[in-house]
Every structure is written in C-alpha cells, then in structure tokens.
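Read off the chains here:
Number of protein chains: 2
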Amino acid sequence: MLIDKKISNFIDELASNSPTPGGGSVAALAGALGVALVSMVGNLTIGKKKYEDVEEDIKRVISSSEKLRYELSQLTEEDVKAFNNFMATYKLPKETEDEKKVRVEKIQESLIEAAKVPLKVAYKCLDIFSLSKEVAEKGNINVVSDAGVAVLMADAALESALINVKINLRMIKDEKVRTELSSSIKELLLKEKGQKEKVLKIVEERMK
Amino acid sequence: MLIDKKISNFIDELASNSPTPGGGSVAALAGALGVALVSMVGNLTIGKKKYEDVEEDIKRVISSSEKLRYELSQLTEEDVKAFNNFMATYKLPKETEDEKKVRVEKIQESLIEAAKVPLKVAYKCLDIFSLSKEVAEKGNINVVSDAGVAVLMADAALESALINVKINLRMIKDEKVRTELSSSIKELLLKEKGQKEKVLKIVEERMK
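Quick mapping for you: the protein sequence lines, in order, are chains R and U. Position 165 (the first sequence) corresponds to 210 in this note's numbering; numbering is contiguous. Position 73 (the second sequence) corresponds to 118 in this note's numbering; numbering is contiguous.
In short, the hints are calculated from the structure, not lab data. It is possible that part of the hints are untrue.
Here are the simulated DSSO-like cross-link-like pairs (lysine-lysine), alpha carbons at most 30 Å apart as the crow flies [unchecked claim]:
#, chain 1, residue 1, chain 2, residue 2
1, U, K126, R, K94
2, U, K236, U, K161
3, U, K221, R, K253
4, U, K221, U, K126
5, R, K146, R, K211
6, R, K151, U, K95
7, R, K253, U, K145
8, U, K236, R, K243
9, U, K218, U, K139
10, R, K112, R, K238
11, U, K95, R, K126
12, U, K51, R, K253
13, U, K246, R, K211
14, R, K139, U, K94
15, U, K218, R, K246
16, U, K218, R, K183
17, U, K51, R, K51
18, R, K236, U, K238
19, U, K253, U, K211
20, R, K183, U, K221
21, U, K50, R, K145
22, U, K211, R, K243
23, U, K183, R, K211
24, U, K50, R, K112
Derived CB-CB ranges, DEER-like [to be verified]:
#, chain 1, residue 1, chain 2, residue 2, range
25, R, K145, U, K236, 47 to 57 Å
26, R, V222, U, D98, 33 to 43 Å
27, U, E101, R, S108, 46 to 56 Å
28, R, N130, U, K231, 25 to 35 Å
29, U, K253, R, R148, 37 to 47 Å
30, U, R105, R, S108, 42 to 52 Å
31, R, Y168, U, Q153, 21 to 31 Å
32, U, M216, R, V222, 49 to 59 Å
33, R, K236, U, D143, 50 to 60 Å
Derived, one-sided and incomplete: chain R residues facing chain U with beta-carbon distance under 7 Å [to be verified]:
#, residue
34, I52
35, N54
36, L82
For each residue, glycine too, the CB sits at the ideal point set by N, CA and C.
Please take these sequences and the hints and turn them into a complete structure.
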C-alpha cells in the first residue's frame with residue numbers, strides 16, 4: 046500500500062522518472078491531510094469545558110472526517126492501480142485486426158476507470174468543506190489555523206483531482222462518458238465555488 | 046525525523062489530539078509534494094528526442110526543484126521542533142518575579158522562532174511557481190497535469206504557511222518583529238498573486 050511507505054520514500058518516488066505515483070495520488074493524499082486536520086481540530090475541542098456546548102456537533106464532524114480520511118487514504122492507492130492498468134493495456138498485442146480492436150477497447154475502458162478515481166477524490170474533497178467550516182466556527186480557537194490549512198488542502202486536492210479527470214477525458218472517445226464526466230466537473234466546480242474563501246474568512250476573524 | 050515516518054502513521058498522528066504535527070508541517074509537506082512533481086515532470090522530459098531543445102532548461106529546473114524538495118522536507122521537521130519549544134516554554138517556573146519575567150521572554154522568543162519557520166516555507170513555495178511554470182510550458186505533454194498539481198500544492202502550501210505565521214504573530218508583542226512579519230506576509234501575498242492561475246492556464250491550454 047502506498048500509505049505504508051515512508052514519507053521520504055514516497056516523495057523520492059514522486060520526484061523520479063516513474064509516472065506513478067503522480068499527481069493523482071498527491072490529490073488524494075492532500076485530501077487525506079486536509080481532513081486529518083479537521084479531525085485534529087475536533088479532537089482538540091472535545092472533552093474541554095469551554096467547548097461543551099458544541100461537543101455533540103464536533104463528535105459528529107469527527108465521525109464524518111474519520112470516514113473520509115480512511116476513504117481518501119485508500120484512493121491514493123486506487124489511483125496508482127488505475128494508472129498502471131492503463132499503462133498495461135498499451136502493451137497488449139496488436140498483430141491481428143482482432144487484437145488491435147480488443148487493445149483499443151481495453152485502453153478506452155482503462156482510461157475511463159483512470160478518470161473515475163480522481164472524480165471520486167474530488168467528490169470526497171467537496172465533503173471536507175462543510176466539515177472544516179464547522180470546526181473553524183466551533184472548534185478550539187488555539188488551533189483554528191489548522192482548520193484553515195484543512196480547507197486549503199481540500200481545495201487544492203479537489204482542483205488537482207479535476208485536472209487528473211481532465212487529462213484522461215482528453216483521450217476518452219465514448220461520447221456518453223465524455224458528457225457524464227464533463228457535467229460532473231461542472232457540478233464540482235459550481236459546488237466548490239466560494240467554499241474555501243468562506244472558511245478562510247471565519248479563520249481570519251477568529252485569529253484576530 | 047518526521048519524513049521517516051510511514052504516511053499512514055503521520056496522518057494518524059495529524060488527526061489525533063496532539064497539536065504536533067499540525068498545519069505547519071502539512072504546509073511544508075505540501076510544498077515538498079508540489080516541488081517533487083516539478084522534478085517528476087522534469088525527469089520524464091529529459092533524455093527524450095522530442096524534448097532535446099529544452100533539455101538544458103529542464104536540467105536547470107530539476108537542479109533547483111531538487112534543492113527545494115530537500116529544504117521543504119527538512120522544514121516539516123523544523124516546524125514540529127519550533128512548536129514543541131514554544132509549548133515547553135509554558136512549563137517554565139513562574140514562582141518568583143524573576144522567573145515570571147524570564148518565562149514571558151522565553152515564550153516570546155519561541156513564538157518568534159515558531160513564526161519564522163512557516164515564513165521560510167512560504168518563501169520556498171514562492172520559488173516553486175516559476176519552476177512549475179517552466180515545466181508546464183516546456184515539459185513532457187503527457188504529464189502536464191502533474192505540473193498543474195505541482196502549482197496547486199505550492200499555492201496551498203504558501204497560504205497554509207502564511208496562516209501559521211499569522212497565528213503566531215497574534216501573540217507576538219515586539220512591535221519591530223510584528224512589523225517585519227507583517228511586511229513579509231504582504232510581500233509574499235503580492236508575489237503570489239496570479240501565479241497559480243498563470244500556470245494553470247498553460248496546463249489547460251496544453252491539455253486541450
């Protein structure tokens with residue numbers, strides 16, 4: 046598993062001339078880092094007299110953020126797998142007409158799969174916005190900056206994931222799939238709009 | 046060292062109710078991830094016939110990005126140390142007037158140090174912009190999306206670092222230091238402005 050690697054080894058592999066791990070895994074990882082910070086702010090808020098009024102809300106946030114953290118961690122791995130599958134299809138035989146046809150079909154199938162992983166990452170990141178907003182508003186004021194970093198990571202992760210959807214989309218030929226992916230991208234961009242700024246404003250206010 | 050940890054363990058610790066590692070380390074790590082992707086695009090460009098015209102430029106980029114990658118990886122650790130030093134000063138004795146005075150001084154000193162680490166991170170991230178722009182423009186088109194993720198990470202890292210400067214700045218009393226830090230923040234924001242968008246535009250163009 047990618048997340049079982051040492052950070053230093055992962056960064057070395059990232060920087061190397063191997064195409065995996067790449068930006069897709071970084072997108073999922075950035076999302077996981079962001080949502081882990083939501084959990085951290087939550088965990089430094091619960092059990093404290095000063096924040097007992099929001100205790101139940103924060104517990105609910107932590108339960109969601111921990112679920113997302115697990116899912117995004119898994120998606121770092123799925124991205125590598127999907128990309129390697131895609132690369133493998135290029136090595137399929139292409140001697141006969143039949144082989145050529147099968148190869149092209151398999152390439153297209155693996156491309157669609159490779160586009161769906163970052164799309165999942167993007168949808169998961171969208172869920173981090175409301176969670177980071179809630180910890181920014183209600184969480185322990187001493188770590189409110191971490192709620193800000195959480196939303197910055199979530200937003201960068203979402204946009205990174207979308208770039209990865211787009212680079213695959215570029216080569217997908219199936220018009221129905223193209224339309225579906227394009228409308229998902231539009232939906233995500235629409236839902237993303239202004240979210241980061243909203244959370245950062247709360248963070249800035251509470252840091253004053 | 047923080048970067049010697051497994052990714053999964055680091056994310057677990059991040060999510061826990063311990064204030065370190067926190068957003069400061071995530072800022073430096075995000076910067077390291079971003080600049081590692083610059084190196085990756087570079088490494089997948091050099092040695093290829095199609096890109097021999099830009100070979101020397103890309104080699105120069107890689108040499109800078111690898112240096113930054115090392116520095117940002119080190120800064121993940123420095124952030125933890127600076128924060129722990131700050132926390133330790135709170136535990137200094139405060140029985141006598143002298144002790145109280147020394148304690149307040151030490152708290153202030155450690156706060157200034159804790160603000161300087163993310164400031165260093167922010168300046169390093171600024172350097173990633175021009176490098177990611179160069180690989181976005183000249184690098185292997187098959188991995189141009191990774192140049193996009195690189196700049197998104199660099200930008201999120203820079204803004205995350207600035208939030209960490211600000212949360213420390215809030216408690217720093219020395220007016221001279223306050224002014225210096227504030228003007229550094231302003232300078233960084235000014236230099237950051239529009240950089241991410243410029244690189245993303247190139248990436249989008251080349252993905253068409």
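Verification of the supplied hints:
1. Proposed proximity of U:K126 and R:K94 is supported: the alpha carbons are some 29 Å apart, at most 30 Å.
2. With a C-alpha separation of about 18 Å, the suggested pair U:K236 and U:K161 falls inside the 30 Å cut-off, and the hint holds.
3. Using a Cα cut-off of 30 Å, the hinted pair U:K221 and R:K253 holds, with the two alpha carbons roughly 19 Å apart.
4. At roughly 24 Å between alpha-carbon atoms, U:K221 and U:K126 fall within 30 Å of each other, so this suggested pair holds.
5. Between R:K146 and R:K211 the CA atoms are separated by roughly 25 Å; this keeps the pair inside 30 Å, and the hint holds.
6. A distance of roughly 27 Å separates the Cα atoms of R:K151 and U:K95; the hinted pair therefore holds under the 30 Å criterion.
7. Restraint check: the Cα-Cα separation between R:K253 and U:K145 comes to about 26 Å, which is no more than 30 Å; the hinted pair holds.
8. About 23 Å separates the Cα atoms of U:K236 and R:K243, which keeps this hinted pair within 30 Å; it holds.
9. Straight-line distance between C-alpha atoms of U:K218 and U:K139 comes to about 19 Å, which keeps the hinted pair within the 30 Å bound.
10. For the proposed pair R:K112 and R:K238, the alpha carbon gap of about 24 Å is at most 30 Å, so the pair holds.
11. Simply put, U:K95 and R:K126 have alpha-carbon atoms about 28 Å apart, close enough for the 30 Å limit, and the pair holds.
12. At roughly 36 Å between alpha-carbon atoms, U:K51 and R:K253 are farther apart than 30 Å, so this suggested pair is violated.
13. The hinted pair formed by U:K246 and R:K211 meets the criterion: a straight-line CA distance of about 13 Å does not exceed 30 Å.
14. Between the alpha carbons of R:K139 and U:K94 the distance comes to roughly 25 Å, so the proposed pair stays at or under 30 Å and holds.
15. The hinted pair formed by U:K218 and R:K246 meets the criterion: a straight-line CA distance of about 24 Å does not exceed 30 Å.
16. Note on U:K218 and R:K183: the hinted pairing holds, with a Cα-Cα distance of about 27 Å set against a maximum of 30 Å.
17. The straight-line distance between the Cα atoms of U:K51 and R:K51 is roughly 4 Å, inside the 30 Å bound, and the hint therefore holds.
18. Of the pairs offered as hints, the one joining R:K236 and U:K238 holds, with about 24 Å between alpha carbons and a cut-off of 30 Å not exceeded.
19. Note on U:K253 and U:K211: the hinted pairing is violated, with a Cα-Cα distance of about 40 Å set against a maximum of 30 Å.
20. The straight-line distance between the Cα atoms of R:K183 and U:K221 is roughly 33 Å, outside the 30 Å bound, and the hint therefore fails.
21. At most 30 Å may separate the alpha-carbon atoms for a hinted pair to count; U:K50 and R:K145 exceed this at roughly 46 Å.
22. Taken as a hint, the U:K211 and R:K243 pair is honoured in the structure, with Cα atoms around 18 Å apart against an allowance of 30 Å.
23. Of the pairs offered as hints, the one joining U:K183 and R:K211 holds, with about 20 Å between alpha carbons and a cut-off of 30 Å not exceeded.
24. A C-alpha spacing of about 22 Å is found between U:K50 and R:K112, which places the hinted pair at or below 30 Å, so the restraint holds.
25. One distance hint, 47 to 57 Å for the beta-carbon pair R:K145 and U:K236, holds here, with the actual separation near 52 Å.
26. At about 36 Å, the CB distance of R:V222 to U:D98 agrees with the hint of 33 to 43 Å.
27. Between U:E101 and R:S108, the C-beta spacing of about 54 Å keeps the proposed range 46 to 56 Å intact.
28. Distance hint check: the CB atoms of R:N130 and U:K231 are about 48 Å apart, inconsistent with the given range 25 to 35 Å.
29. U:K253 and R:R148 have their C-beta atoms about 26 Å apart, which leaves the hinted 37 to 47 Å range violated.
30. A C-beta distance of roughly 49 Å is found between U:R105 and R:S108, which places it inside the suggested range of 42 to 52 Å.
31. For the hinted restraint 21 to 31 Å between R:Y168 and U:Q153, the CB-CB distance of approximately 45 Å leaves it violated.
32. Look at U:M216 against R:V222: about 53 Å separates their beta carbons, and that is inside 49 to 59 Å.
33. The given range of 50 to 60 Å is respected by R:K236 and U:D143, whose C-beta atoms sit roughly 58 Å from each other.
34. Interface restraint check: R:I52 against chain U, minimum CB-CB distance 4 Å, threshold 7 Å, status holds.
35. Of the supplied interface hints, the one on R:N54 is violated, with its beta-carbon coming no nearer than about 9 Å to a beta-carbon of chain U, more than 7 Å.
36. The closest approach between the C-beta of R:L82 and any C-beta of chain U is roughly 6 Å, which is under the 7 Å cut-off, so the hint is satisfied.
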